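Based on the sequences and whatever the hints tell you, model everything.
If you want the building blocks of each chain, they are given just below.
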Amino acid sequence: MFDEKDVILEAKHVTKRFLEEDGRELTACNDINLKFYKGKTLGLVGESGCGKSSFMKLLVWMERPSEGEIIFNGKDVSHIKGSELHKMRQHIQMVFQDPTTSFNPKMKIKEIVCEPLLNYGRISGREVDKEARRLLEMVELPGDFADRYPHNMSGGQRQRVAIARALALEPEIIIMDEATSALDVSVQKSIIELITKLQREKDITIGFICHDLGFIQSFAHQVAVMYLGNIVEIMPGEDISEKATHPYSKALLGSVFDTKMDFSKKIEVVKGEPPSPLDVPAGCPFRDRCECCEGICAEEKPQLREIEPGHLISCHCMH
Amino acid sequence: MALLELKHVDISYGKMLIVKDCNLTLDEGEICSIVGESGSGKTTVIRAVLGLLSGQGQVTAGDIFYDGQNLLRFDRKHWRDLRGHDISMIFQDSGAMMNQTRRIGHTYVEYIRTHEKITKKDAWEKGKMMLERMRLPDSERVMRSYPFQLSGGMRQRVGIAMGMTYQPKLLLADEPTSALDVTTQAQIVRQMMELRDEYGTSIIIVTHNIGVAAYMGDKIVVMKDGEIVEQGDRDQILNKSTNPYTTMLMDAVPSLGGARYV
Chain U
1 MFDEKDVILE
11 AKHVTKRFLE
21 EDGRELTACN
31 DINLKFYKGK
41 TLGLVGESGC
51 GKSSFMKLLV
61 WMERPSEGEI
71 IFNGKDVSHI
81 KGSELHKMRQ
91 HIQMVFQDPT
101 TSFNPKMKIK
111 EIVCEPLLNY
121 GRISGREVDK
131 EARRLLEMVE
141 LPGDFADRYP
151 HNMSGGQRQR
161 VAIARALALE
171 PEIIIMDEAT
181 SALDVSVQKS
191 IIELITKLQR
201 EKDITIGFIC
211 HDLGFIQSFA
221 HQVAVMYLGN
231 IVEIMPGEDI
241 SEKATHPYSK
251 ALLGSVFDTK
261 MDFSKKIEVV
271 KGEPPSPLDV
281 PAGCPFRDRC
291 ECCEGICAEE
301 KPQLREIEPG
311 HLISCHCMH
Chain P
320 MALLELKHVD
330 ISYGKMLIVK
340 DCNLTLDEGE
350 ICSIVGESGS
360 GKTTVIRAVL
370 GLLSGQGQVT
380 AGDIFYDGQN
390 LLRFDRKHWR
400 DLRGHDISMI
410 FQDSGAMMNQ
420 TRRIGHTYVE
430 YIRTHEKITK
440 KDAWEKGKMM
450 LERMRLPDSE
460 RVMRSYPFQL
470 SGGMRQRVGI
480 AMGMTYQPKL
490 LLADEPTSAL
500 DVTTQAQIVR
510 QMMELRDEYG
520 TSIIIVTHNI
530 GVAAYMGDKI
540 VVMKDGEIVE
550 QGDRDQILNK
560 STNPYTTMLM
570 DAVPSLGGAR
580 YV
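Top to bottom, those sequences are chains U and P. Each residue of the first sequence is one higher than the last, beginning at 1 in my numbering. Each residue of the second sequence is one higher than the last, beginning at 320 in my numbering.
Think of the hints as simulated: they come from the structure by calculation, not from any bench. As the structure is a prediction and not an experimental result, all values here were calculated from the model. Check before you lean on any hint, since a few could be wrong.
Computed cross-link-like contacts, BS3-like style, restricted to lysine-lysine with a CA-CA straight-line distance of at most 27 Å [what the hints assert, rightly or not]:
| hint | chain 1 | residue 1 | chain 2 | residue 2 |
| --- | --- | --- | --- | --- |
| 1 | U | K250 | U | K265 |
| 2 | P | K559 | U | K265 |
| 3 | U | K265 | P | K538 |
Next up, the structure:
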C-alpha cells in the first residue's frame, strides 16, 4: 500500500529526554521509528502526557531530539540551524489546537496569513491584499475577512485562518496538533472535509495528533498509537476497529462513545490511570493496566514487530 | 409527579434574551442529556435550575418546579439547604471550582459542616468514606492534597464524591468529561451511570460529546441558539428525527467504521 520511495520524512530511533528540576530524567519519546509518506496522513493517538506533542515538536524544530535522526528527503535535519534551518522551515509548517492563542490579537487577518510569505520574501507589501484574499478563499472563507481581527471570528473560522497561514508557503508537510479538538462536531466535520480536499489538491503530507480514535479513522491513512513515550502499534487507517490488536489500542477503541454503538452493553473501561512518565515500569509500559499480562511482560520490553504488511505491534501476548 | 419541571422558561443576561421558552420535565431516576453547539445555551439552562446564573443573568419568565416547589420563589436560606443536599452539580473541572490554596480535605469538611452538625474529625472520616466509595485509592492522601496535585480524572471523581455525599435526588453535570482523556471519560461515564443504579439519582448531563449523551441519556434534548430544537428518547433523536438541525448534528459525529474522507 505504501511505497518506500514515497517516504518524505522519517524518524529513526528518536529519543527525547527532559531533565527535571530534581535531576531525574523524563523520557517523553523513547526510540521512535515512524515514516511519513508523501500525500498521506499519519494519525498519532494517545492519552495526554504520552509524548505525542513532544514528538511532533521535534519534527518542527521546536525541540531537538536527545538521540536519533530525523530524515527529510534523504538528509538528516535534526540538528540544522541558522540560515539552513530558516530555509528548511518552509517545508514543514504547523497548526495548533487553539488558534486564539497562536495569533497575535493585534494583527489583522491579512497580516497573519501573509506573514510567512513576507518573511521569505515571496511577495512584496503591496501584494498582501491580493494574496490574503486568495489564501482565505482557498480555505473557503470570504475574502473580505482579510481586514478583520481574530476576535471578530468564530473558532471554526479562526482554525481555517490557521490552516491558510500554514499552507501559505506551500509546505510539503503540515503538523496538526489536536487542530479540531476545541471545535464543535459540526465544525470539526467541515474542517476535516477542507483538510482532506486540500491534501488531495496539493499532495500534502499531514501528521495529525488526536486522542479520538473514532475521529482519526475517518481520514488517516496510517495510525500510530503511543503510550508513555513508546509507539505500541502502527496500523493502516482503514478498519482500525477490526485491525487493532494491541491491548492498549483495544482499550482506546472500547472507550469511544459512538452514536451507532450497542447501548445496552456496559462500556468497557481500562483500569487505573497511566503511571507518571518519570516512573515508567520496567518491561512492557502498559503491563500495570493490561488484562492479559504474563510473566515475561515484567521482565522484557516488547519490541515492535510486523504481524502483517504495514501493521506493527509491540506486545508479548498478542500474535 | 415529575421531579423537575421547567415551564416556558426565558433566561436573559442583562437585556439579551439568551434562552427562549424552555420546557423540560425530568422524572425520578431518569437521565436527560442536553446537547448542542457552543453558545446554544445548554449550560445556562442547568445553571438556572440551581440558581447559579452568573453576572446579570436571571430567569425573566416561566417557572421552575422541583419536587412541587417553585425554585424561583426560594430565599437564601432555602437555597442553602437545597444546594449540595437535594441538588448537586459537577463542573467541567471540579478542581478549578475549589479553593486552590486549601487542601481538598479542608474544603470537604467545610462543605459537610454546612449541612450537618458534626465534628471536624467525623466530617473528615465521612469525606474519606465517600472518596473510597467513588473508588479513589488512597483517600487519606487525596484529602491531604491540593486540587492541582491530582490528575484531571481524580479531581473529577472528588467532585462527584462531594456532589454525592448527601445522595441528592438530582445531579446536574456540566460537561463533566470534556477535559478528560477518552479512557478516563469512559470511567467517569460508567461511574455516573452506576449512581443511578445504586441511588436512583436523576441526572441532567450537558455535553457536546453526542456519543456520551446518547449512551447516558434516556432522553436527549437538542438545543440551538437558546431554543430547544427537539427532544425525545434516544431512538427518536438518533434514528427517527426529521428535524434538519438534529440530523445534521448526528451526521457530523465521527463513528468507528463510519464515513472516510480519504
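Practice task
Measure nothing beyond the straight line between the CA atoms of U:K250 and U:K265; if it is 27 Å or shorter, mark the hint as holding.
Solution key: Cα-Cα ~16 Å, so holds.
Exercise for the section: Given the hint that P:K559 pairs with U:K265, test it: the Cα-Cα distance must not exceed 27 Å. Expected result: Satisfied, since the Cα-Cα distance of roughly 22 Å is no more than 27 Å.
Practice task
Starting from U:K265, check that the Cα of P:K538 is at most 27 Å away, please.
Solution key: 18 Å, holds
Violated hints for the displayed structure: none, as all numbered hints are satisfied.
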